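Asker: For reference, the chains in residue letters:
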Amino acid sequence: MTTLTKTGPAGAAPMVRVRGLHKSFGRLEVLRGVDLDVPAGSVTVVLGPSGSGKSTLLRAINHLEKLDRGHVAIDGELIGYRRAGDRLYELKEREVLRQRTGIGFVFQNFNLFPHLTVLENLVEAPVAALRRPRAEARATALALLERVGLADKAAAYPRQLSGGQQQRVAIARALALEPKVLLFDEPTSALDPELVGEVLDVIKDLARSGTTMIVVTHEIGFAREVADTVVFMDGGVVVEQGPPAEVLDRPRQERTRAFLAKVL
Amino acid sequence: MTLTTDTAAARPRPAAAADHDHGHDLDLDELAGLRTVPARHPWRWAAGIAALVVLAQFAHGLATNPGWDWATFRVYFTADTILQAIGRTLELTAYGTVLGFLLGAGVAAMRLSRSAVLRSIAWAYVWVFRSIPLIVQLVFWFNLSYLYKRFGFGIPFGPTFGDFETVGVLGALGAAVLGLGLHQAAFAAEIIRGGIIAVDAGQREAAAALGIPRWRQARRIVLPQAMRGILPAAANEVISLLKGTSVVYVMAIGELFYQTQVIYGRTGRVVPLLMVATVWYVVLTTVLSIGQYYVERHFARGAQRTPPPTPLQRVRAFVHSLPDRTRPAARTSGGQS
Ligand SMILES: Nc1ncnc2c1ncn2[C@@H]1O[C@H](COP(=O)(O)OP(=O)(O)OP(=O)(O)O)[C@@H](O)[C@H]1O
Ligand SMILES: [Mg+2]
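Chains as they are written, first to last, in the numbering used here: chain A, 178 to 441; chain B, 5 to 341.
It should be emphasised that the hints constitute simulated quantities derived from the structure, not laboratory data. Hints are supplied without guarantee of correctness; some may be wrong.
Stated by the list, open to error - Sample of chain A residues facing chain B (criterion: CB under 10 Å; computed from the structure):
| id | residue |
| --- | --- |
| 1 | G279 |
| 2 | N288 |
| 3 | T294 |
| 4 | E301 |
| 5 | P310 |
| 6 | A312 |
| 7 | R315 |
| 8 | G340 |
Stated by the list, open to error - Computed far set for chain B versus chain A, every beta-carbon distance over 10 Å:
| id | residue |
| --- | --- |
| 9 | V58 |
| 10 | T164 |
| 11 | L288 |
| 12 | Q308 |
This structure is a prediction, so every number in the text was calculated from the model and none was measured. Even for Gly, the Cβ is constructed at its ideal location relative to N, Cα and C.
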């Protein structure tokens, strides 16, 4: 295990550190040097216009997307590589999969397993990836369903649930691995407006309980209420970041102002 | 025929009744007590009767035309030789299916692998074995001993540890199973691959994001969903293999078609014996189709909000609904005058 040295001002190393991320798809440069620090227990909301590379950034953090340049470390552990002397060795898939159990990912379109019941969706990864005993995984799963308000849906299949309920199951599924950080990629943008609230409530509850989270969203109100840090991305770089009161109400950059004028 | 006599008696209507059906003053509350007469479909009935008459004529011909020779059919339908031949047919089908789908799964996995070498080999396999007619392949395997007299184990291009005669190992049955299996594998591979690539890429991604090991992703997440696409086509393949086993008659293996040929060669009763084979093939296919239905149902878990009822449940529901169905019908027919 390798650490990218240097600790934050508070003395504790940030939970997530991103340095100099570059990623191109063919000739399209999507990420052009992204730096990001996410302190443990904090909520970072990422805003930005469509195509600015927000999803690519999240996918790079849990190594669903391979990087061209740059590094990601979570809780001091380099993701996707192993350092030996002055070289970095690419990790085997099995190693990357193990690292991902520490990084929860919630997709825009849920991606629940439709052929498994809600409970089986939650039990699968702890049993398969962490080798937890099935009974223990079930107990944890039921507690998590209780937490997202879906204890009575354990035996249902995902297609029998509403969109908001499905996304809450997806959040519970990510939590079942007890990840160090949760990544959300527009968790509410596939939902009808009246269902957005129930999902955001679950995320707010997680924020209060001190879960480290990075949330890509277009819900400015949510950002204002929950975020410790708001990050504004455009054209593959972080244009501006800071507390919501600064970035949302007194943006320093012209591009941030223009974006907020459109979405507010 | 008037529709209103009954109701007019039961409920006096105003003099200008004709206007009532169209006018803006149509009183819906007044309709509550009226009887409903279902629409009649005389042409549907006529077409149905005509079709039944033609069918009856055909059935009559089957029963009375002496050419069909049902007496001979009855003698041979359950004759021991025929039953044994069916055993052979089922054996060939089972071996061909198992070998074909196991090998096919391997070839499909190779075609989907990240190794360009494996992908190319799998592609070439499918290309070759889809190109060669089954019967050509069968005759070829049958004559393998002509090409390779002895078959040995050892280090590739190096010394061999032991060898044996090919003739003894690959008898007619072995050659047939090998040929059917290799042929089937090429088609099975494409069917399995088709099912797998039809599963939403997000499923695999979600499994990867949860850190589920690769092999388990395939077995637990992707394959069960792929089965929905694979099964109907796979059932087609098994059924066409069942009938396809009849081409191994060229190797004088006593399966169903070969055996019927032997019998009608001896007795000269071609038509009834062809009917024996036909009816047995239909029976076996029916059994496979029923099996297919239930296997498909098993893999449809979660695919629909409310799963459709099984035929058995449907029949039960129909029987339960019969009293309800007959009652209003009786009443409406009574209502006509
Ligand atoms: N696999 C890929 N191949 C090619 N181009 C890609 C791929 N993935 C993303 N892109 C492109 O990269 C750019 C950034 O994509 P990304 O999904 O990160 O944007 P985003 O900020 O999440 O946008 P949105 O708000 O619409 O989700 C887009 O122009 C997109 O078309
Ligand atoms: Mg996106």
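Asker: Does each hint fit the structure? Answer for all of them.
Answerer: Quick rundown of the hints versus the structure:
1. For G279 (chain A), the shortest C-beta to C-beta distance to chain B is roughly 8 Å, which falls under 10 Å, so the interface hint holds.
2. Nearest Cβ of chain B to the Cβ of N288 (chain A): about 4 Å, under the 10 Å cut. The hint holds.
3. Because the beta carbon of T294 (chain A) sits about 7 Å from the nearest beta carbon in chain B, less than 10 Å, this interface hint is met.
4. The beta carbon of E301 (chain A) comes within 7 Å of a beta carbon in chain B, closer than 10 Å, and the hint placing it at the interface holds.
5. Hint on P310 (chain A) is violated. Least Cβ distance to chain B is approximately 16 Å, over the 10 Å limit.
6. Using the Cβ-Cβ criterion of 10 Å, the hint placing A312 (chain A) at the interface with chain B is not satisfied: the shortest such distance is roughly 19 Å.
7. Given hint, R315 (chain A) at the interface with chain B, is violated; its Cβ is 16 Å from that chain's nearest Cβ, farther than 10 Å.
8. Annotation: interface hint on G340 (chain A) violated; nearest CB of chain B at approximately 13 Å, more than 10 Å.
9. With a least beta-carbon separation of about 45 Å from chain A, V58 (chain B) lies farther than 10 Å from that chain, consistent with its non-interface assignment.
10. Every CB of chain A is more than 10 Å from the CB of T164 (chain B) (nearest about 37 Å), matching its label as outside the interface.
11. Consistency note on L288 (chain B): stated as away from chain A, and its beta-carbon is indeed over 10 Å from all of that chain's, at 30 Å minimum.
12. The beta carbon of Q308 (chain B) sits about 7 Å from the closest Cβ of chain A, which is not more than 10 Å, so the claim that it is off the interface is violated.
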